[in-house]
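Peer 1: Read off the chains here:
Protein chains: 2
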Amino acid sequence: MKTAVPGPESKAILQRLSQYQDTRSVFFVADFEKSKGNYIVDADGNTMLDVFAQIASIPVGYNNPAFLALAKDPAFQTALANRAALGVNPNKDWVDQVEKAFMRVAPKGLDQVFTVMCGSCANENAFKTAFMYKAAKLRGDAEFTMDELNSCMNNQAPGSPDLSILSFSQAFHGRLFGSLTATASKAIHKIDIPAFNWPKAPFPLLKYPLDEHQDYNRSVEQQSLQAVEQLIKENKQPVAAVVVEPIQSEGGDNHASPSYFRQLQAICKKHDVLFIVDEVQTGVGGTGTFWAHEAWDLPESPDMVTFSKKFQAAGFFLNSRLRPTQPYRLYNTWMGDPVRAMQAAAIINEVESKDLLTNVKQVGGYLQSQLPTLPTLANVRGQGAFIAFDLVDGAHRDKLLTDMRQRGVNVGGCGDRTVRLRPMLTFQQHHADIFLNTLEDALKLQQ
Amino acid sequence: MKTAVPGPESKAILQRLSQYQDTRSVFFVADFEKSKGNYIVDADGNTMLDVFAQIASIPVGYNNPAFLALAKDPAFQTALANRAALGVNPNKDWVDQVEKAFMRVAPKGLDQVFTVMCGSCANENAFKTAFMYKAAKLRGDAEFTMDELNSCMNNQAPGSPDLSILSFSQAFHGRLFGSLTATASKAIHKIDIPAFNWPKAPFPLLKYPLDEHQDYNRSVEQQSLQAVEQLIKENKQPVAAVVVEPIQSEGGDNHASPSYFRQLQAICKKHDVLFIVDEVQTGVGGTGTFWAHEAWDLPESPDMVTFSKKFQAAGFFLNSRLRPTQPYRLYNTWMGDPVRAMQAAAIINEVESKDLLTNVKQVGGYLQSQLPTLPTLANVRGQGAFIAFDLVDGAHRDKLLTDMRQRGVNVGGCGDRTVRLRPMLTFQQHHADIFLNTLEDALKLQQ
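Protein sequences appear in the order of chains P and Y. Counting in UniProt numbering, the first sequence runs from 1 upward without gaps. Counting in UniProt numbering, the second sequence runs from 1 upward without gaps.
Misleading hints may appear alongside valid ones.
Treat identical chains as interchangeable: a pair holds within one or across any two.
In the DMTMM-like style, the derived pairs of lysine to aspartate or glutamate whose C-alpha atoms are separated by at most 20 Å in a straight line are [what the hints assert, rightly or not]: (1) K233 with E9; (2) K11 with D96; (3) K236 with E350; (4) K236 with D162; (5) K2 with D441.
Hints are computed from structural coordinates only; laboratory data are not their basis.
Input sequences plus hints: build the corresponding full structure.
Peer 2: Spelled out as structure tokens, the structure:
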């Protein structure tokens, strides 16, 4: 470490940038050219172990050689210089890219993929798919009526139906109008923005350590499931789908048991409500399986699984029975990006050839075993290397994050008082030791 | 031309692709490696003059040398291999990219830019900005109340206010929940998707030729403006902003006079309603000015201007008074993409160094003068090379598009019976002559 973080060079750049953009959320300015693997270098030349990884979106390390090699690939450069409207003129290698990037890791039974440009768009298009499916069911798969076709042009029922997506307290599914309606992590994200009248069920907030609170935890999970079933049965706006994160991330790294998710899926199936799993943050290996929901041992796949962030490509998997009856109902200009699909394929190659899921499980297990031995921190929880713990309050958490950054470890928060670890898949035990040692030092500075 | 379009190779690829994705909207499969300038080559080796250009999103020709050179630039490759979360860790050259890609062409007085990943996201974030601004005004710029902070977490008023965006009949602003609510181009885009109760004013549908219908056209424009003012005054959901396309594109290439837009802005100002101009399709030179709204001679810039498509980068310009009071209210993981910003800067360089706006004006004027001499087609209208005309009905239009494609010209439709020309900025008079000759031949096949 050469300076405080942010240092003078970061501050000078941010002062210039703040003429044009709001920079209040920025931690520091990065020098990505100098960053490497698990280490990010800032504009002042400080080198930090990065356990935040661009809000959980760097998969296999800065300047990964496979990524750099891909940037020199003529097919990659062609895709960059000629951006396809994939719904009109897909490139001739798009079908290969779809197979190599998506179908190779498609959850079993989900034989379709729809690609878009970001995580919010992924969730909103999954919601649209659910509404089209539900509306078709409600009209008995009949043709659209003239009344429906006319009324939708004025945003009125029956063409614009009063259906809903059920989500959970503390959920985060994005920041556009539909995805923000399903979000309930922080008021500052939602206030002043019109929202649909969609319902929320309480998400279980488990107590830790799990083995000391089995009865309590089973009870809050059952309360959540009962609330879900009641809302599905009684909510004024019929529920087309339930959307859930495998681990509520932005909302505080809230976990639930595999049994909870199996029961949740069963309730959805019982009432013919679609079950959407939002793997935008949990997907692509961070939990030790490629998709976090693989750990639930579901009898069959969710109806849709959304992705973005670490996969570089965004979109969702679906079953072919959910494909809209008419074309142009799920559609947009670019419909994804072959550049990001090629990167997604490269990520899968890295995960497989370097056995990164095993690495994540090992280093995640090590971290989960060591963290509870440190003083002051509470509620250590994790799946793979997707780990979190709590401080006594937000002020102590924020101070810890700042103190760690000054000592060369970049880590982020979530929820009210939580520290979330989002290491890359290439994070190893010696990185974990640096993290643990720095954390131990920083915890000594807590009042 | 070697085969019909789509040819056997396109069809074989689409058959494979349709296992995973809906391909019913696809015209043909592209071979971008072989495409060059204004010519697209398909998977069967057919070479077509491209006047559709990936739904109006290719700016300076396939395999433009400046784009290919950029793909070899180390800074570009660094940005590709290390995708920044720009709200947390902007890259150290991001501020330069913002200046070179955005501020250089920012509408006068709009000194801020917010970047995202697609056109729908650009519009939705502009809408969010308008709602935050309006809600702050309505509460007298006071602090949020506890009631507001609590109610928004349940998607209820007052925290989730019943405010609206006013848009127009035939408008297209995107396909996510907010932008789709503001859209009214085709029922198939909207049906079965829940929408907000936001109002629509009639957009004037002018008669052509303009000089023969001056009184009628003035009258429909005044009717539209009166409807706008009445909705602003009386709509149950207070109007936070009016959003309008300079030329309604997806909805049928509907134009209005500069005077209409000046009056529309004046009405917005009079009632303290924000004026958002959606330049997703019209922006970046196709109309002969960099932004289409420059042709209106407004006394001051619109409050926000959104962009995407041909600019490769998506987002919107805004005035600093619209910057949200608190951080994290306009925010997401990536907040845009330095890769696409660098391409946007390269586009501006091409536009300036090759004087492409002059080219667009010249070739556009030539096309606009020649098209009315052809038989059968009606209502020739345009601004620069952003030109359209109508056939007698949709069936004749669709046949014309197919016939032209078989003869080596790729062109698209919009509205019910309209052909829309969306040439690249590098489209020249000899390309226009090929287009006109092919059109003349294809028109002879109309019944």
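Peer 1: List in ascending order the numbers of the hints, as given earlier, that are violated by the structure.
Peer 2: Violated hints (numbers, rising): 1, 3; every other hint is consistent with the structure.
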